[in-house]
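**Student:** Using the sequences and the hints, build the whole thing.
Residue numbers (numbering that gives the first Met the number 0), protein chains in the order written: chain A, 0 to 445; chain B, 0 to 492; chain C, 0 to 125.
By construction, these hints were calculated from the structure, which means they are not laboratory data. All of these numbers come straight from a predicted model, not from anything done at the bench. Accuracy of the hints is not assured; some may be wrong.
As the list claims (entries may be wrong) - Which chain B residues face chain A? A few, computed with CB under 10 Å, are given here:
| hint | residue |
| --- | --- |
| 1 | Tyr62 |
| 2 | Arg154 |
| 3 | Asn363 |
| 4 | Asn365 |
| 5 | Ala369 |
| 6 | Arg487 |
Unchecked claim - Restricting the straight-line Cα-Cα distance to at most 27 Å, the calculated cross-link-like pairs of lysine-lysine (DSSO-like) are:
| hint | chain 1 | residue 1 | chain 2 | residue 2 |
| --- | --- | --- | --- | --- |
| 7 | B | Lys490 | A | Lys282 |
| 8 | A | Lys153 | B | Lys189 |
| 9 | B | Lys235 | B | Lys165 |
| 10 | B | Lys395 | C | Lys122 |
| 11 | A | Lys282 | B | Lys483 |
| 12 | A | Lys319 | B | Lys189 |
| 13 | C | Lys99 | B | Lys189 |
| 14 | B | Lys395 | C | Lys99 |
| 15 | C | Lys48 | C | Lys3 |
| 16 | A | Lys37 | B | Lys235 |
| 17 | A | Lys319 | C | Lys72 |
| 18 | B | Lys438 | A | Lys37 |
| 19 | B | Lys438 | A | Lys319 |
| 20 | C | Lys8 | B | Lys483 |
| 21 | A | Lys154 | B | Lys165 |
| 22 | C | Lys48 | B | Lys189 |
| 23 | A | Lys151 | C | Lys48 |
| 24 | A | Lys151 | C | Lys8 |
| 25 | A | Lys319 | C | Lys3 |
| 26 | B | Lys165 | C | Lys48 |
| 27 | A | Lys153 | C | Lys48 |
| 28 | A | Lys282 | C | Lys99 |
| 29 | A | Lys282 | C | Lys60 |
| 30 | B | Lys205 | A | Lys319 |
| 31 | B | Lys189 | A | Lys151 |
| 32 | A | Lys170 | B | Lys165 |
| 33 | A | Lys151 | B | Lys165 |
| 34 | A | Lys319 | C | Lys99 |
| 35 | B | Lys189 | C | Lys8 |
| 36 | A | Lys151 | B | Lys490 |
Every residue gets a Cβ at the ideal spot worked out from N, C-alpha and C, and that includes glycine.
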Amino acid sequence: MRYLPLSDGDRAAMLARIGVSRIDDLYRDVPASVLLEKPVNLPPAQGEMAVERALSRLSARNMAAGSAPFFVGAGAYKHHVPASVDHLIQRGEFLTSYTPYQPEIAQGTLQYLFEFQSQVAMLTGMEVANASMYDGSTACAEAVLMARRVTKRKKAILSGGLHPQYADVVKTATAFTDDELIINPPAVAGPDDLATLIDGETSCVVVQNPSFFGHVADLRLLAQAAQEKGALLIVVVTEAVSLGAVMSPGEMGADIVVGEGQSIGNGLTFGGPYLGLFATRQKYMRQMPGRLCGETVDVDGRRGYVLTLSTREQHIRREKATSNICTNSGLCSLAFTIHLTLLGEAGLRRLAALNHERACRLAEALSALPGVTVLNDTFFNEFTVRLPRAASDVVEELAARGILGGVPVSRLLPGQAFADLLLVAATETAGDEDQDAFVAALREIL
Amino acid sequence: MTSVSTHFALDHEEALIFDIGDTKRSGVDLPSPAAHKSRLGNAARTAEIGLPGLSEPEAVRHYTRLSRKNYAIDMGVFPLGSCTMKHNPRLNEKMARLPGFADIHPLQPMSTVQGALELMELLAHWLTTLTGMPAVALSPKAGAHGELCGLMAIRAAHEARGDARKVVLVPESAHGTNPATAALCGYEVKSIPANARGRVDVEALKAALSPDVAALMLTNPNTCGLFENEILTIAKAVHDVGAYFYCDGANFNAIVGRVRPGDLGVDAMHINLHKTFSTPHGGGGPGSGPVVLSAALQSFAPLPYVVRDGEQLRLVEQRDAAAQNFGRLSAFHGQMGMFVRALAYMMSHGANGLRRVAEDAVLNANYVLASLKDVMSASFEGPCMHEALFDDRFLKDTGVSTLDFAKAMIDAGYHPMTMYFPLVVHGALLIEPTESESKASLDTFIADLRELALAAKAGDVERFTAAPTRAPRRRLDETQAARKPVLRWEKQA
Amino acid sequence: MSEKIYYTKEHEWVRVEGNIATIGITDFAQSQLGDVVFVELPEAGRDLKAGEAAAVVESVKAASEVFAPVSGKVTQANEALVDSFSLINEAPESDGWFFKLELANTGELGGLMDRAAYDDFLKEHA
Numbered sequence: 000m001r002y003l004p005l006s007d008g009d010r011a012a013m014l015a016r017i018g019v020s021r022i023d024d025l026y027r028d029v030p031a032s033v034l035l036e037k038p039v040n041l042p043p044a045q046g047e048m049a050v051e052r053a054l055s056r057l058s059a060r061n062m063a064a065g066s067a068p069f070f071v072g073a074g075a076y077k078h079h080v081p082a083s084v085d086h087l088i089q090r091g092e093f094l095t096s097y098t099p100y101q102p103e104i105a106q107g108t109l110q111y112l113f114e115f116q117s118q119v120a121m122l123t124g125m126e127v128a129n130a131s132m133y134d135g136s137t138a139c140a141e142a143v144l145m146a147r148r149v150t151k152r153k154k155a156i157l158s159g160g161l162h163p164q165y166a167d168v169v170k171t172a173t174a175f176t177d178d179e180l181i182i183n184p185p186a187v188a189g190p191d192d193l194a195t196l197i198d199g200e201t202s203c204v205v206v207q208n209p210s211f212f213g214h215v216a217d218l219r220l221l222a223q224a225a226q227e228k229g230a231l232l233i234v235v236v237t238e239a240v241s242l243g244a245v246m247s248p249g250e251m252g253a254d255i256v257v258g259e260g261q262s263i264g265n266g267l268t269f270g271g272p273y274l275g276l277f278a279t280r281q282k283y284m285r286q287m288p289g290r291l292c293g294e295t296v297d298v299d300g301r302r303g304y305v306l307t308l309s310t311r312e313q314h315i316r317r318e319k320a321t322s323n324i325c326t327n328s329g330l331c332s333l334a335f336t337i338h339l340t341l342l343g344e345a346g347l348r349r350l351a352a353l354n355h356e357r358a359c360r361l362a363e364a365l366s367a368l369p370g371v372t373v374l375n376d377t378f379f380n381e382f383t384v385r386l387p388r389a390a391s392d393v394v395e396e397l398a399a400r401g402i403l404g405g406v407p408v409s410r411l412l413p414g415q416a417f418a419d420l421l422l423v424a425a426t427e428t429a430g431d432e433d434q435d436a437f438v439a440a441l442r443e444i445l
Numbered sequence: 000m001t002s003v004s005t006h007f008a009l010d011h012e013e014a015l016i017f018d019i020g021d022t023k024r025s026g027v028d029l030p031s032p033a034a035h036k037s038r039l040g041n042a043a044r045t046a047e048i049g050l051p052g053l054s055e056p057e058a059v060r061h062y063t064r065l066s067r068k069n070y071a072i073d074m075g076v077f078p079l080g081s082c083t084m085k086h087n088p089r090l091n092e093k094m095a096r097l098p099g100f101a102d103i104h105p106l107q108p109m110s111t112v113q114g115a116l117e118l119m120e121l122l123a124h125w126l127t128t129l130t131g132m133p134a135v136a137l138s139p140k141a142g143a144h145g146e147l148c149g150l151m152a153i154r155a156a157h158e159a160r161g162d163a164r165k166v167v168l169v170p171e172s173a174h175g176t177n178p179a180t181a182a183l184c185g186y187e188v189k190s191i192p193a194n195a196r197g198r199v200d201v202e203a204l205k206a207a208l209s210p211d212v213a214a215l216m217l218t219n220p221n222t223c224g225l226f227e228n229e230i231l232t233i234a235k236a237v238h239d240v241g242a243y244f245y246c247d248g249a250n251f252n253a254i255v256g257r258v259r260p261g262d263l264g265v266d267a268m269h270i271n272l273h274k275t276f277s278t279p280h281g282g283g284g285p286g287s288g289p290v291v292l293s294a295a296l297q298s299f300a301p302l303p304y305v306v307r308d309g310e311q312l313r314l315v316e317q318r319d320a321a322a323q324n325f326g327r328l329s330a331f332h333g334q335m336g337m338f339v340r341a342l343a344y345m346m347s348h349g350a351n352g353l354r355r356v357a358e359d360a361v362l363n364a365n366y367v368l369a370s371l372k373d374v375m376s377a378s379f380e381g382p383c384m385h386e387a388l389f390d391d392r393f394l395k396d397t398g399v400s401t402l403d404f405a406k407a408m409i410d411a412g413y414h415p416m417t418m419y420f421p422l423v424v425h426g427a428l429l430i431e432p433t434e435s436e437s438k439a440s441l442d443t444f445i446a447d448l449r450e451l452a453l454a455a456k457a458g459d460v461e462r463f464t465a466a467p468t469r470a471p472r473r474r475l476d477e478t479q480a481a482r483k484p485v486l487r488w489e490k491q492a
Numbered sequence: 000m001s002e003k004i005y006y007t008k009e010h011e012w013v014r015v016e017g018n019i020a021t022i023g024i025t026d027f028a029q030s031q032l033g034d035v036v037f038v039e040l041p042e043a044g045r046d047l048k049a050g051e052a053a054a055v056v057e058s059v060k061a062a063s064e065v066f067a068p069v070s071g072k073v074t075q076a077n078e079a080l081v082d083s084f085s086l087i088n089e090a091p092e093s094d095g096w097f098f099k100l101e102l103a104n105t106g107e108l109g110g111l112m113d114r115a116a117y118d119d120f121l122k123e124h125a
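**Tutor:** Below you can see the structure in the form of structure tokens.
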């Protein structure tokens, strides 16, 4: 067995040192009735070649995004990731290290986390950010719980432009608390009016920007309305690249910003692992969930980094912790920070502009198709179109032609009202040729 | 015998990206966007972000230099108890990067991802077979998220019967995530003491059980590295009052292939794929925490799940009126990248190899325990399972603390073991060698630790209190970090 | 007016002058906690019941609640602590006080220990 270094001779010598005659003597605390004598009914060990063959066969049965004109988004986006990113995150010193609980020998991880936190704070326009959460949806739920701690109020208002699965996750997280959730109806045609819903009991208003349907909004007035009533504005960003082109949530007056960081540095991977971004104001720092890395000095006065403010966390506060989260998305945040460092300000701004231009071109071409309406006045790199037929059927027919043509809204919001709506995303990977093939196929199908 | 040299010519200092980069530089070449009319409305960004950029060679050097300031399993023994730092096979990495897994979108048509769904089905089959449980929820993103999943299923099951129970019992040796999770589900947490043998005090547990108890959360093997030998009695007592038995599966690696939790009466258990099934820890995640469920809880599993309609596989993503599931734990379908890695590991070992994984892990831990117990103080009588627990009695009156001892291990070339956990013994030192260590590497490790223990007793205090001296940084001022938190870089005015 | 100092099993002290009680943690408590890195103090005007959690004190590795040893309305919190947490380590039983309250029921003081009783308690439990 290639992963197990002990030989039978080693095992015998070690048992002798321990003073037992066989391995089962070490399992003597296990009730005899439940100690398995034989291997369970699963296949035996396989060599590397056999495993590779079997898994490659399964992989080949999936249509990879890179093999097709691709326009799928709705919370996960295909972007080009430079080759050096994946190379660097596979260095064993990153890949096979642990949470940096021994800072003297984990400065590599800690320094990149400090850089990551700084980048996320800048990008969102906020004062502080944490070292990442599981993903955007769980970060969103944690933000709602945090707003409750900060305001000591229990009513959260969710915009109808929030990703439906994010809303579901918030629902789950508050299912067994006495929080009250107000979920606005889907805001298909444009940003919904939330300001009038806020009252003195409201803990937070949760708005996605760009919204699930692609609309981009200036949230400054909403921020003001929330502030006047003592509620927090939580802004959700599921497409991190948009922050290169859209005014930052911090500038708009957000109190907490959560996001899905997958777009930068990380592949689609069928939905995970991704990374949640979490940023807020300095004054709420101690109410944040998750790990935080901070700067300090060592005994020789040299700059260094440590995990800090740990008393918020489960391993110290136990049932009084701000969250039960233990793991963050270390390696995904490394990919994020490397990609963002490669881009830099100039690269990110250009990437965002390119995405916007790609989507503008596609929106124009699609709206020229008979029976197709683009519903958005504003968008970044994704928008909603109304088709003359059920979008789920159209998407299947496109797939049969080798085109991955977007997400039928009905997959996330079942019901007749949304059956003809299709979410279409165009990133820098959607070249003219791919767009033209998509438009031509759609013209034939409809 | 010691495992380090004293050559540090390869240790570079490295500044922050903010010190070395600037906003004009970039390591990515992108075409200029064609002329277009902005559709951003009045929300276009005008302010500078201030993000520094680096060219590719600079970026590669920056992160390579940073990487060299980290200790990792690839370098040496990483005996971090409770965390299971086993070897991460590179085949797993290669498989997870196959385009049919790495480059598929969670919402592309299900007809185009049949291989991915089959992989999830296959992983579920391995996990349910190994645990002897009928069902598994794959979507939890880490161990603590799995705990949340299990407890929510438990709460949903009670509520479906109109049974509003309020209390969750948690042994005092438990991971901090257990009480934190129970609190998140709205439960009151009651702590159960350990007995003198490091196990749950069954009498105290029985006394605490009542019709108001929703569940017991128990780690088995427990955090002292011991198998709860009265587990069957415990499970029965829990079920007798109508409560469920949640098992924290963090230590499943000690029994995989030898004991099926389903046979122990477990109702729900999360499995940390990054522990038992070798997916990389990656400096703190991503994890993955599928939860196996008993027949009693199966129908309360969260969305989504995979079902088979003849030849076709399908994800159930929406709640139908009749379903009892408690909803959704995260967007999309779980940590696919981790599923591929874990399955590659399982297939590589097979049923016979996984058994051997557990046995070798237990053998290695007992070998360490047997080889150190005359110079360090073992907390409990052996045998242990996959980790050996010591406390600080052997350091009494030496002037050396558990922390000092751990830091001196760094100078000897090791990552320290887990310190001060579990809380049930004083100054805990928890050593988990895993099955990945050879006898030769364990022999060196043991010799080095014996030498350290003897040095502490001999009064060589300075060596410990000053340690580490041969690391990229010496001890860091955590008090300053917490008193005046600096959580981000700021431009100097 | 004479002042009197009482102690609790939670290692807090209460100095009473007239109907005003000043509350802090004992030298033993601060030594167990280590370097204090954060405190959260009650707002003036808050009504506290005896035994209620009133403040939080944190070191790098631990967080403890400070309970109101007696009932009353908070009149003042020690704002000096916020700029200098180290006061709690350096002068726990004087400048490092946490908050003052107006006693609601002086009878509750009878349930607390005097210095001699607290010293015996320490010998027994520390």
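**Student:** Quickly compare the C-alpha distance for Lys170 of chain A and Lys165 of chain B to 27 Å and report which way the hint goes.
**Tutor:** Holds, at roughly 20 Å.
**Student:** Within 27 Å, alpha carbon to alpha carbon, are Lys189 of chain B and Lys8 of chain C?
**Tutor:** Distance ~22 Å between Lys189 of chain B and Lys8 of chain C Cα, so the pair holds.
**Student:** Given the hinted pair Lys235 of chain B and Lys165 of chain B, is their Cα-Cα distance within 27 Å?
**Tutor:** holds (20 Å)
**Student:** Do the numbers back the hint for Arg487 of chain B, that is, is its least Cβ distance to chain A under 10 Å?
**Tutor:** holds (4 Å)
**Student:** Can you confirm whether the C-alpha distance between Lys8 of chain C and Lys483 of chain B stays at or below 27 Å?
**Tutor:** violated (31 Å)
**Student:** Keeping to a limit of 27 Å between CA atoms, is the pair of Lys151 of chain A and Lys48 of chain C held or broken?
**Tutor:** With a Cα-Cα distance of about 20 Å, the restraint between Lys151 of chain A and Lys48 of chain C holds, given a limit of 27 Å.
**Student:** Can the restraint linking Lys319 of chain A and Lys189 of chain B be considered satisfied, given a maximum Cα separation of 27 Å?
**Tutor:** Given that 27 Å is the threshold and the Cα spacing comes to 13 Å, the pair holds.
**Student:** Measure nothing beyond the straight line between the CA atoms of Lys151 of chain A and Lys490 of chain B; if it is 27 Å or shorter, mark the hint as holding.
**Tutor:** Distance ~34 Å between Lys151 of chain A and Lys490 of chain B Cα, so the pair is violated.
**Student:** With a cut-off of 10 Å on the beta carbons, see whether Asn363 of chain B makes it to chain A.
**Tutor:** With a minimum Cβ separation of about 8 Å from chain A (threshold 10 Å), the hint on Asn363 of chain B holds.
**Student:** Taking only the CA atoms, is the gap from Lys205 of chain B to Lys319 of chain A under or equal to 27 Å?
**Tutor:** holds (26 Å)
**Student:** Does Lys3 of chain C sit within 27 Å of Lys48 of chain C, going by the straight-line distance between their CA atoms?
**Tutor:** holds (21 Å)
**Student:** Between the alpha carbons of Lys151 of chain A and Lys165 of chain B, is the straight-line distance 27 Å or under?
**Tutor:** Holds. Lys151 of chain A to Lys165 of chain B sits at ~22 Å (cutoff 27 Å).
Of the numbered hints listed earlier, those contradicted by the structure are 13, 14, 19, 20, 24, 25, 36.
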